[in-house]
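If you read the protein sequences in the order shown, they are chains A and B.
Per full-length UniProt numbering, the first sequence starts with residue 1, numbered consecutively.
Per full-length UniProt numbering, the second sequence starts with residue 1, numbered consecutively.
No wet-lab data here; the hints were simulated from the structure.
None of the values given here were measured: they were computed from a predicted structure.
Incomplete in silico selection of chain A near chain B, CB under 8 angstroms:
#, residue
1, R46
2, E47
3, A54
4, E55
5, G56
6, L79
7, S85
8, Q142
9, R147
10, V148
A virtual CB, placed ideally from N, CA and C, is assigned to each residue, including glycine.
2 protein chains.
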Amino acid sequence: MSDTSLRTQVYDSLRQALTTGRFAPGQKLTFRFIAGALGVSLTPVREALGRLVAEGAFEMQPNRSVRVPLMTRARIEELRDIRKSLEGLATAKAAMVADKRQIAELRRIALAIATARSHGDDATDRQHVREFHFSLYGIAGQPILLRVIEGLWLQTGPYMNLLYPDFINRPHGPQTRARIIRAMQARDAVAARREIENDIDRALSYIAELADDAGNIAPAAPKAGVGRRRGTAMTSLQFDYVQ
Amino acid sequence: MSDTSLRTQVYDSLRQALTTGRFAPGQKLTFRFIAGALGVSLTPVREALGRLVAEGAFEMQPNRSVRVPLMTRARIEELRDIRKSLEGLATAKAAMVADKRQIAELRRIALAIATARSHGDDATDRQHVREFHFSLYGIAGQPILLRVIEGLWLQTGPYMNLLYPDFINRPHGPQTRARIIRAMQARDAVAARREIENDIDRALSYIAELADDAGNIAPAAPKAGVGRRRGTAMTSLQFDYVQ
DNA sequence: CCGTCCGATTTGTGATCACAAATTTCGTTG
DNA sequence: CAACGAAATTTGTGATCACAAATCGGACGG
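Given only the sequences and the hints, what does the whole structure look like? Please build it.
The structure is reproduced here in structure tokens:
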């Protein structure tokens, strides 16, 4: 384990909560609420939130309180174009250097996605989709690029559960991953990039339209409550529930 | 003024110091040193440094102390490719929407660069170069993209002073900016993007070679001392000197 | 002269306290 | 009954304290 600081644990907890859709766009959070929910003092919460605000995962109002950014069409489309550019770049570089073992790993994850999807298990589906993308980008061996992409996923995270279940059951998903793997085998960086860019474009354009339908308004922000946990071994902080 | 918090002032001071080359790659810094130099407590320094580490402007060693990342060829080339991709994207979007007033502003800044350069004033030269690029990218009206690009500039900042004075006096610089402005007038997004990408490629490829020549080693890291300042009006914290 | 060990110092991390600014609450008034 | 305003509460910010882990500095032995 590399970093066991509380600050990092709080950061990971919030990141996990964001990417699994436990916070709604527009939802407000207070430092003390999070600190109480995770059973830590304000200090690590401030540092974690400061970083998340810097990354754009939360917005800090000019005065008080942080909140999850609202879902607007312009925002989604901007994230879409940046992600296409950078994840396309990572995919192209990966395609040029991937070896058989790495490609086999991608195939394994693609299968796991198909399995979870056939069972209607959205949670593990999303988890495996993330795993597939970051395994792919990791092959490129570009640590700075990877970190920037992680920041972008963090910002799109709260919206991605809107893809379930309608969008996800369209027929292009499995084909896209199969085509990417085929392009990687052929060392065809151009084709691999094109497939990834199309994939991102379809998903985020779909969400952008949803944002339009909703009148650029966030879903009703749920009020949040939590269970205290003052555990013995605080190996991973976790939000007990966010109602 | 939007954010007057000490944390932000410390962040800006460190950012300024980094991008003006006051810290050498590889240089180590302690929290207490920075706090003492700027006359604040540890708290705002920790938050500012946490953010800078998250952005990659500093590295936190697994154990103690933060330091400016070393200049390696791989790192420079990675930053080069990411910057080409994203600043190319911003330039293309800007070219599609720029109005006459915005283009005139770019021309004004380009002239200011030429003036500073003819006087051999490297400091204002660099400042205006930054101004030119961010004015250009700002035209695109993409706040998320702009923030990511700022993070990338922060990471390339410590190396950019290596462009002076040799690289800067090559003849392609002024021509590039003139060509960009011409492409913007013609609403030629493809040409504008090409010019920016070439510009970034030349500069960072030049630095990448320097990193190679230096054997992937940082310049001698100067030991740092500072003057205390416990001023009355602490409107902008500043490192007095870093020897 | 070089390597190794042990005590002293330095350094990052987290908790707690203090405080000003913002928000909320609630009584009063038109 | 809506609108205003003052008191009470909430909330982020910064400073300070405490502590464990890492680093540093010599003393010692080879």
